[in-house]
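**Q** Following the hints, position chain C against chain H.
2 protein chains.
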Amino acid sequence: MPGHFADDLTAAIIDKHAPVCVGIDPSYERLPESIKRKFGDDQVAALREFCTEVIGAVAPIVPAIKPQIAYFEVHQSAGVKLYFDMIALARASGLMIIGDIKRSDIGSTAQAYARGHVSGENCPDAVTVNGYLGSDGLTPFISEGDADGRGIFILVRTSNPSGAVIQDFADASGKKFYQHMAEQVAALGRDSVGSSGLSRVGAVVGATYPDEARQLREMMPEQLFLVPGYGAQGATAADCAASFRPDGTGAIVNASRSVIYAFDKNPDVDWRQAVGQAAGAFAADVADAVF
Amino acid sequence: MPGHFADDLTAAIIDKHAPVCVGIDPSYERLPESIKRKFGDDQVAALREFCTEVIGAVAPIVPAIKPQIAYFEVHQSAGVKLYFDMIALARASGLMIIGDIKRSDIGSTAQAYARGHVSGENCPDAVTVNGYLGSDGLTPFISEGDADGRGIFILVRTSNPSGAVIQDFADASGKKFYQHMAEQVAALGRDSVGSSGLSRVGAVVGATYPDEARQLREMMPEQLFLVPGYGAQGATAADCAASFRPDGTGAIVNASRSVIYAFDKNPDVDWRQAVGQAAGAFAADVADAVF
Chain H
0 MPGHFADDLT AAIIDKHAPV CVGIDPSYER LPESIKRKFG DDQVAALREF
50 CTEVIGAVAP IVPAIKPQIA YFEVHQSAGV KLYFDMIALA RASGLMIIGD
100 IKRSDIGSTA QAYARGHVSG ENCPDAVTVN GYLGSDGLTP FISEGDADGR
150 GIFILVRTSN PSGAVIQDFA DASGKKFYQH MAEQVAALGR DSVGSSGLSR
200 VGAVVGATYP DEARQLREMM PEQLFLVPGY GAQGATAADC AASFRPDGTG
250 AIVNASRSVI YAFDKNPDVD WRQAVGQAAG AFAADVADAV F
Chain C
0 MPGHFADDLT AAIIDKHAPV CVGIDPSYER LPESIKRKFG DDQVAALREF
50 CTEVIGAVAP IVPAIKPQIA YFEVHQSAGV KLYFDMIALA RASGLMIIGD
100 IKRSDIGSTA QAYARGHVSG ENCPDAVTVN GYLGSDGLTP FISEGDADGR
150 GIFILVRTSN PSGAVIQDFA DASGKKFYQH MAEQVAALGR DSVGSSGLSR
200 VGAVVGATYP DEARQLREMM PEQLFLVPGY GAQGATAADC AASFRPDGTG
250 AIVNASRSVI YAFDKNPDVD WRQAVGQAAG AFAADVADAV F
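So the sequence lines, in the order shown, correspond to chains H and C. Using numbering that gives the first Met the number 0, the letters of the first sequence correspond one by one to residues 0 to 290. Using numbering that gives the first Met the number 0, the letters of the second sequence correspond one by one to residues 0 to 290.
Derived by calculation from the structure, the hints in this document are not laboratory data. The structure presented is a predicted model; accordingly, all values stated were derived computationally and were not measured. Misleading hints may appear alongside valid ones.
Note: identical chains are not told apart, hence a pair may lie in one copy or across any two.
With a cut-off of at most 30 Å between alpha-carbon atoms, the simulated DSS-like pairs for lysine-lysine come out as follows [as the list claims (entries may be wrong)]:
id : residue 1 : residue 2
1  : K15       : K174
2  : K80       : K35
3  : K37       : K80
4  : K264      : K15
One chain only, chain H, in its complex shape (with noise of 0.2 Å):
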């Protein structure tokens, strides 16, 4: 059955009362000792053994997970090889997977992206794209993701401080240009609505700017929100909120560092127990705020 993205993500959200994900960023300096010390000099093992033992512990609790594809980059095509296998973990443990990998391109090179991270072997549910392009770069990843429902999530507005110097340019009538961006979205994403009132097109929306986010949820009514921003980069659940629908609906956030890193701040349990642990709290909180 070909499936909906954002239909599907949003029933496992609510399956599991937890309008969360969980960022896979994984950082060799930053593993457990245990397991620097079980794989010495094989990084790349080491960063298998921890990214398996992660989802292990996160997949009864959250609906999806997002690898960061940068973080296994930085092995060139052994770190590539470990987030393929990753994804298909994931998938046989029950979770969602969206492939944050910021890809941007135009026509026949931006399909050849999506051939690579849309419809090819063991690829995420839906990945992150960058639309400074326009439509020549984003259509590609849609279509190549229509015959298994997957999606994609635009960059919009982005939680980091320097984004604001490009993305708050503004025209004669005030609007700014991620203002500009998320009509863009609104547009591209009107032909692939599900049954649950939002498109496989979504946005990505940072969770540091509420007030904005509460405009883009006006200016996007059926775009899922993927929400970075939260713990590490200083959102609150309240902030996050207001990314929601009032249903409770409509979005998804994500924290990374602040779950897979608690062991660093909860030293006294297992560590993969202090992951678990941190990901239900991470859970609880958000769902407080928006259910």
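**A** The following block gives chain C in isolation, referenced to the frame of chain H:
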């Protein structure tokens, strides 16, 4: 010795009298029939042979190649291995390499990309990046290249039709978004200008809008321009000339499909010879327009 990307590329361009690079965008479907027959179902092996032969054919003629990583990522980890292997081969063949990766992310994630693509093993001399996330997303690519003097090209004005919908968004003074981006790029590159007067921080400026390229040349006097759009995308050498400084330096024009698939239009010679001839004609055409 550390080197400086813009200085070194400028010297290599003058040395070969060829202000051009050849884009390596290998699609299995478009390979010569002789290669498809030889390798059967092993598409990556076929691409390896094709890229190896193309690099050999163009190395005496042009100063640089621009591998487009999307065409390698189609084949996931095996393709990424081939990408880095081909960079090593090109370097051993005396070519400079611009990795067309158009990555974009922030902070520690951008740092991870940069460690994989700028300062890691067999990395290219420069990479393309997307500036939508602001300087947070760009400085890691610059700083990881400090030790080897490596460069970046930031997307400013792309050569595709729908790019204008995004990039022409204008403020009250009429300044367009891509011009706003150009100002950021000029500021970001100010601290890394070499003896050529050009910065290690360059800009991607499509050839299909020569009037805009002339304006951008004035706004970014210290930027090396990477100019796509020649050939298959419709721009002429005269269009491309708008991106150069009056002395004929300051830009490098890329052509991909019109060179590497030149055998399609020249079936009477060995395919490698057709590629070499097309590279030579391309280099001469642009050199005549700018020198």
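**Q** Are the hints correct? Go through all of them and say.
**A** Each hint, compared with the structure:
| no. | hint | verdict |
| --- | --- | --- |
| 1 | K15 / K174 | neither (38 Å within a copy, 48 Å between copies) |
| 2 | K80 / K35 | both (20 Å within a copy, 25 Å between copies) |
| 3 | K37 / K80 | both (21 Å within a copy, 26 Å between copies) |
| 4 | K264 / K15 | within (26 Å within a copy, 58 Å between copies) |
In summary, the one numbered hint that this structure violates is 1.
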